[in-house]
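> Listed below, chain by chain, are the residues.
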Amino acid sequence: MKYAFYPGCVSRGGTPELYTSTLAIAGKLGIELEEIVGAACTGAGVLQEKGQKLGDTLNARTFAMAERMGLTTILNICSTCQGVMAQANKRLLDDPDYLAEVNEELKPEGLEYTGRVIIKHLAWVIVEEVGLDTLKGLVKNPLADLKVAPFYGCYILRPSDALGFGDNPGRENYLERIIETCSAEPVNFPGRTKCCGFPIMLINERNSMAMVGNHTTSAKEHGADCMVTPCPLCHLNLDGQQPKAQAQRGAKIGMPVLHLPQLVGLAMGLSPKDLGMNQHVVSTKGVEAKASVRV
Amino acid sequence: MRAKLRVKRFSTEGEASTNAFQEYEVDVPEHFTVLDSLIRVREDVDPSLALRCSCRASICGSCAMRVNDRARLACKTRLTSVAKEGEIVTIEPMGNQRVVKDLVVDLQLFWGKVRAVEPFLLPDGPEPEEEYIAPNEAMLNLLTPMGCIMCGACVSDCTSLEVDKNFLGPAALAKSYRFVADPRDGAQATRLQNLNESGGVWDCTRCNMCVEVCPKGVAPMERIMELREGVMDQGMTNTPGARHVASFANSVARAGWLDETMLAVDSWGKFNLPKLIAEIPLAIRVLRRGKMPLPGPLHHKLKGADAIGRIFKRLEGKHARKF
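From first to last, the protein sequence lines stand for chains D and S. Using my numbering, read the first sequence as starting at 1 and increasing by one per residue. Using my numbering, read the second sequence as starting at 1001 and increasing by one per residue.
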């Protein structure tokens, strides 16, 4: 299965281990990735504050580039990129006049978006296209002792009408299903679908750190050994800023946070180093020990 | 069908004080809503169950509560839409507000925030002899926020309010938009100045929770984003929030992708030395792990960055709407 691959800015910047771990598992899953070279940032919802049409045009440009590559599904590993793209795609497809107006902006590059692109996250591709049975067959290192708290964040769930939940209501629980397929135990906790605080980290740090502290602490109190997230922005906050959240809270947390492909990679028997787990801020040694993998 | 309801009970009344879930089972017709079922419980099983409701037709906004972990109008939620036959439905009072008893919350926080945004027209200039006239097209974009029925569902599930009760919250900000965007209002500039303060538009996390739970399609977060545009259009650009947007746009317009390091520096303030010094441990932490993206001129341009820059030139600042 071949996909137009959109890695997003952060997997090539602040969380390079997400990029590494994605490539490490993709081939094994039968996922062929062809990167959309020169695709712009999605805007992450921030550029949209400068005008929605600007953001939608940048995303339509990316969709048109994928079409030009002869591919219809864009595979995202950042749920913020995926969500922003899905919202842009819905606006463009809902209004042919708007699509035509946006296409006018793409003409100088010889691009045109015809509306055939499907936006997916890696988690959706694993469940809907690779299949959990196939994944099960690739699990060489069942994570039987590991309790994992899935942290969905926002954009992979909301707004649901732009994300195809009508046809695929199961998307609300894909992380749990992948965790179970890796033989680990999903941990339900109150922060599961809330905001990690990243969008306001540079604007209202106190509130943002309170969110990090609440979610990581609550995952810990519910017995999780680690959290797993489909979003590198959540990872930047929950992992990268956890020391700051700890200081604000005045209590040690120490909750490791994995990217989704790292969890899958561990279950496939890949080494933590090959999955970039040495690049985390919060130590993942406890997870590696429980996962019984080569350290 | 057999309705199985797991209801959060809370009371501080003397010996009956409680704070726990209680399960009820009642036989109800298939078409019953969550509210119908709760009323059946109150009438047939437990008259002590407290809940608030009035119109039973999604108009009055009285019966917002959390059903299976998210705020909904109980009268608009069919039981079969939240549970299959035999499944338990969990019902709790709205979040972020003080519970008075069982499913009834104190709405003081909600109304206090709505009042704080002066939810009425503040026209300036001489009063017209007859009514204020507004062109139809100028009022069209107000229809969405005017659909708010003040149920509080968005406030219940707002992720920012959960950590900071100073935040005005989605309902009050959507209400504020309704007046900022009203052509008859004369206080737009003052309103936007107030919304630019702490607790205003910049404290929203853009989590879309309010958009998801609003039973009337008001989409408060989208109104908040429009207010942010309005604030920046008024020249209020020297806040961490506005600098964050500007830095984001600058790096994508220049290089085609985000310069994360400069985003942080610009948002904190390039000359905010105490903050920049305070963040040195963070910089060391990420450098040691090989994940500090190169900033400024070292942030390489994507192939196609020039074409992206041209799109910016044509479209940046072209808003759907000016206040």
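No lab work stands behind these hints: they were computed from the structure. Only a predicted model underlies this, so the values are computations on that prediction, with no experimental measurement involved. Heads up, a few of these hints could be off.
To be verified - Between beta-carbon pairs, the in silico distance windows are:
#1 Pro96(D) x Glu1197(S): 40 to 48 Å
#2 Leu1287(S) x Thr114(D): 39 to 47 Å
#3 Lys273(D) x Gly1317(S): 44 to 52 Å
#4 Ala100(D) x Lys1270(S): 36 to 44 Å
#5 Glu1030(S) x Val37(D): 49 to 57 Å
#6 Glu1023(S) x Gly137(D): 24 to 32 Å
#7 Ala1138(S) x Arg116(D): 31 to 39 Å
#8 Arg116(D) x Leu1143(S): 29 to 37 Å
#9 Gly170(D) x Ala1134(S): 41 to 49 Å
#10 Pro1295(S) x Val37(D): 21 to 29 Å
#11 Glu1279(S) x Lys285(D): 20 to 28 Å
#12 Pro142(D) x Ile1088(S): 27 to 35 Å
#13 Asp94(D) x Pro1047(S): 44 to 52 Å
#14 Pro142(D) x Leu1142(S): 51 to 59 Å
Every residue gets a Cβ at the ideal spot worked out from N, C-alpha and C, and that includes glycine.
> Taking the hints in turn, state whether each one holds.
Going through the hints against the structure:
no., hint, verdict
1, Pro96(D) x Glu1197(S): 40 to 48 Å, "holds (42 Å)"
2, Leu1287(S) x Thr114(D): 39 to 47 Å, "holds (44 Å)"
3, Lys273(D) x Gly1317(S): 44 to 52 Å, "holds (47 Å)"
4, Ala100(D) x Lys1270(S): 36 to 44 Å, "holds (41 Å)"
5, Glu1030(S) x Val37(D): 49 to 57 Å, "holds (54 Å)"
6, Glu1023(S) x Gly137(D): 24 to 32 Å, "violated (41 Å)"
7, Ala1138(S) x Arg116(D): 31 to 39 Å, "holds (38 Å)"
8, Arg116(D) x Leu1143(S): 29 to 37 Å, "holds (33 Å)"
9, Gly170(D) x Ala1134(S): 41 to 49 Å, "holds (47 Å)"
10, Pro1295(S) x Val37(D): 21 to 29 Å, "holds (23 Å)"
11, Glu1279(S) x Lys285(D): 20 to 28 Å, "holds (26 Å)"
12, Pro142(D) x Ile1088(S): 27 to 35 Å, "holds (31 Å)"
13, Asp94(D) x Pro1047(S): 44 to 52 Å, "holds (49 Å)"
14, Pro142(D) x Leu1142(S): 51 to 59 Å, "holds (57 Å)"
In terms of the numbered hints stated before, the structure departs from hint 6 and from no other.
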